[in-house]
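Engineer: Please build the complete structure, drawing on both the sequences and the hints.
Going down the list, the protein sequences come from chains W and C.
Residues 1 to 310 (this note's numbering) are what the first sequence spells out, left to right.
Residues 1 to 443 (this note's numbering) are what the second sequence spells out, left to right.
No lab work stands behind these hints: they were computed from the structure.
The calculated SDA-like cross-link candidates involving lysine to any residue, where the alpha carbons are at most 20 Å apart (straight line), are: (1) C/Lys-17 to W/Ile-102; (2) W/Lys-136 to C/Asp-18; (3) W/Lys-136 to C/Arg-16; (4) W/Lys-136 to C/Arg-19; (5) C/Lys-17 to W/Ala-137; (6) C/Lys-438 to W/Asp-60; (7) W/Lys-136 to C/Arg-273; (8) W/Lys-136 to C/Gly-276; (9) C/Lys-17 to W/Thr-95; (10) C/Lys-17 to W/Val-135; (11) W/Lys-136 to C/Gln-275.
Cβ-Cβ distance ranges computed for the label pairs, FRET-style: (12) W/Glu-182 to C/Ile-22: 39 to 47 Å; (13) W/Thr-63 to C/Phe-312: 53 to 61 Å; (14) W/Tyr-17 to C/Leu-391: 34 to 42 Å.
Only a predicted model underlies this, so the values are computations on that prediction, with no experimental measurement involved.
Idealized CB from N, CA, C, for every residue including glycine.
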Amino acid sequence: MTLDPPLLSAKGVVKRYGSTTALDGVTLDIAPGEFFGLLGPNGAGKSTFMALVSGFRPLDGGTLTVGGASVAGSAAARAALGLVPQHIALYMDLTAEENLRIFGELYGLHGAILMERIDQALAAVQLADRRFDTVKAFSGGMQRRLNLAAALLHRPKLLLCDEPTVGVDPQSRNAIFDLLQELNRGGLTVIYSTHYMEEATRLCSRIAIIDHGKILALGTIDQLLDQLPFEEEIRFPSTAATGALLADLAPNGEVTTVDGIHRFRPRTGYPLSAFYLLTERLSIPQRLFTTQRPSLEALFLQLTGRVLRE
Amino acid sequence: MNSILVLLRKDFALLRKDRASISLTFLVPFVLIYLFGQIYHVNSKDPGPSGIPVAVVNQSDNPGAQKLVEALQAETSFKVLTQFVNPDKTTRPLTEEDLRPLMRADDFRFALVIPRDVVRSDSIGLHLKTYTNPRNEIESETFEGLLQKTIFSHVPQLLGQSLQARAKAFLGDERFEKFNSEIASTVAENYGGDASAIKARMESGDLLFRVDGSGTGTEGTTDVLASIVKIDNVQVAGLGVKSPMATALVGGWAMQFLLFALTASATALFRERDQGIFQRVLSAPVSRGDILWSKFLYGICLGLLQLVVLFFAGHILYGIEIGSQFGFLVLVCVFAAAACTSFGMLIAAISPTPEAARGLSTFAILFMCAIGGAWFPVSFMPEFIQRFSRLTLVYWAMEGFSQVLWSHDTLVELLPTLGYLTLMTSAVMGFSVWRFNKGRIFD
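Structural biologist: The following block contains the structure:
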């Protein structure tokens, strides 16, 4: 429960493309200062949600406000937003500085203030020494970092990051993570969409798991994992020997199979010793079994019956 | 307004970095105008066709026939061939038997045979024979027309000889002799001169066409046809225009280049959409209208720049006079550029993909230029197409250029043309904006 009024409030948001419902009654509030994650597979509705929040597309139903004002109808609400699009939305033939100057000016920045903000943004994304180079000469990671810098010039209250690390090398990815975390610590509210569970786990204080346009689960990581009806998961390969286990395990928990790997989630109270006695009786080598703490991936699997990368 | 100016400046910054676009917008049209000028013989003393190969076989010993050959050789539209080149590079006069195989080999497509009886007594007129391969209709008509003009203009004595021969056959020797003597005497009595000399010239076919004011007739060295039919021409417009043909043509070419350039510029909307630029821009305090207005203004600026550069090219290359009318020319260029930009926006608005936009625009531009008078005068076209051409922006832009550069019209006289262009621009732009908002360019 947050005491501050939400910075972003979505109530029953609906978006349709023809006969396809991309967002189906999405309701969530995001408090100032949150690092909020939207976790879901491709096509889940993450980018559509970002497009609606940024005012790029109109809503077909529900309400969506930033700072209490509708994004579509309020220049002030838009000025409070910074968008890092999924695409590298930069002019490739212009230099880094020329790009930042254009996007800064669109937010009404001029003169010395604009130049100061450009200096700061380029320094923040470690591109100060490439200021006068054309963007097309940048590596993918550098372009991604500049893509982020362009959204920071006007010092937004809410930063929308739509899968900002797609195709980025580990070094640039870490640089982006570090910068976002630093900005968040400074009070910037961040909405971060991703289909990488690791990114959501590392960065986000609260996460919404979204699929087929619906919020399936919403909360902190601990709150989400508490929704799982088991505390551990045992994984083992699908072989003729292990196949004999399945019939005995079924009454004592849930077994799913993905990519040739069985996942056994015992019901509460089922002793793992019973599981291992069973494997000894069937002479299945112990090395085939691994025990893992449940993850967001497991939760997604639990909620949708699919793994997250699908 | 600030956003529009920022986006406008951005487009010019992108243009400045794009050397290929600058070349295609300014340099290539400049070069093409030069090349088209050469093709169309702009500012040439003899702007008609030149060097059409024509074989001539002269079988007659009539001096007039030889004069006809020389007149044809002097005609720059023809390249007269009279010699057959043997394999050993030696030559001999062409014969009629040589013509068919050489024409089949496409050495030439037209041949003239002047037969021994070029002047006959059984009919009035010359007896000539032509061989043709009329693969190109315009070329054939040019050949026939120029051949007739050359005969009438330069060797009228052959026609005179024909009349004399026919009269002699009709009257008989004695009465013909008396007929010529009496006419020669009458001419000598009334206009002076020696009757016997006049009679001798009549018998040679010289019917005393007076073109040099000397009263002595001519041997055909001057255009006799022009002296027979004298037309007093009173030019009511275009007086003082140094380069009439270039003035008429450059506007048409410029419009064509402008349409291609501005359509390409408008379809850049697709690229910006696909790069996600619109999403970023529209997340700022910028409206769709701002984006479209910036594109519209950019198109007008670019179009104005291109038109002025091309007319300047016309001034340098062909002496088109733009200085005295520069203000009005710029005015028409602004309205023409606005109309072309709206057309480009329409193409981008109704096309689902950049590829579709390219195909559609190519068709539409060529069609509009063809019927709008950019390639050749609208008056050459069927009447219903002439009416239809008035629905094209090319027609009204051409009309505007003509009013400024040819007729030197006043602002008041220009207003209706500018009004039509404004009407077209408003209608097309209005529809385009509606389509942009309904369509998927911003999705």
